[in-house]
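Peer 1: Going down the list, the sequences are from chains S and W. Last residue of the first sequence? That's 114 in our numbering, and every number before it is there in order. Last residue of the second sequence? That's 1116 in our numbering, and every number before it is there in order.
Bear in mind the hints are in silico, worked out from the structure with no lab data behind them. Source: prediction; values computed, not measured. Each residue gets a CB set at the ideal place from its N, CA and C atoms; glycine is no exception. Take these hints with a grain of salt, some might be off.
[What the hints assert, rightly or not] Listed next, the stretches of chain S that the computed footprint assigns to chain W, with coverage defined by at least 3 CB atoms under 8 Å from CB atoms of chain W:
(1) 56-67
(2) 105-114
[Unchecked claim] Far from chain W, by Cβ distances over 12 Å, these chain S residues were calculated:
(3) 6
(4) 16
(5) 17
(6) 19
(7) 26
(8) 39
(9) 80
(10) 87
(11) 101
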Amino acid sequence: AQKITQTQPGMFVQEKEAVTLDCTYDTSDPSYGLFWYKQPSSGEMIFLIYQGSYDQQNATEGRYSLNFQKARKSANLVISASQLGDSAMYFCAMREGGNTPLVFGKGTRLSVIA
Amino acid sequence: NAGVTQTPKFQVLKTGQSMTLQCAQDMNHEYMSWYRQDPGMGLRLIHYSVGAGITDQGEVPNGYNVSRSTTEDFPLRLLSAAPSQTSVYFCASSSPSGGAPHTEAFFGQGTRLTVV
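Model the full structure from these sequences, guided by the hints.
Peer 2: Right, dumping it as structure tokens:
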């Protein structure tokens, strides 16, 4: 069963606008972590933001915030004030508690338009 | 501050050849893993290791072998390369403490492998 679902293969956003990238997950473990990574065209994987299942507040890192809705099992990434350099693939990932591996969604390609 | 180092960056193999993709980390991380990335498929887990001497299979292990004799190194071996193994391979390491899930994975730069 797919544990991480990203339903948007591609997204366009105007420069300086905000954009939300969707991610839903499936787990029965009460302890888990959710991650977002950015992969620019150069290919490296860049960690953006983390949300723990027990965290009371939504995570924020600069222009990135994570809209965590636990009951809906969603962990959407919000990028505010989009920049041309935000054009990239974005991956949502989850790790359950214990020594379990990081599982990725299929990704969303974001294109920022000037 | 090297982090996770993968070699080679690019490789072309003929069908049936074998090779080893190298991965080394200098962060004393317990946890290491190998992923392959194919268009539209995201990153799929091949094998992972929770410490020296311990390995386990991921989602797509067939055709690949791993071993973990040291904390630092986690090589991935292709036994008999097939065109279906053409992909970008990423090695990652992390250090989940006490089983807590919160530690992010650090990735190598990737190896682009083409099997002809």
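Peer 1: Against the earlier hints, flag every one the structure doesn't satisfy and list their numbers going up.
Peer 2: 1, 3, 8 and 11
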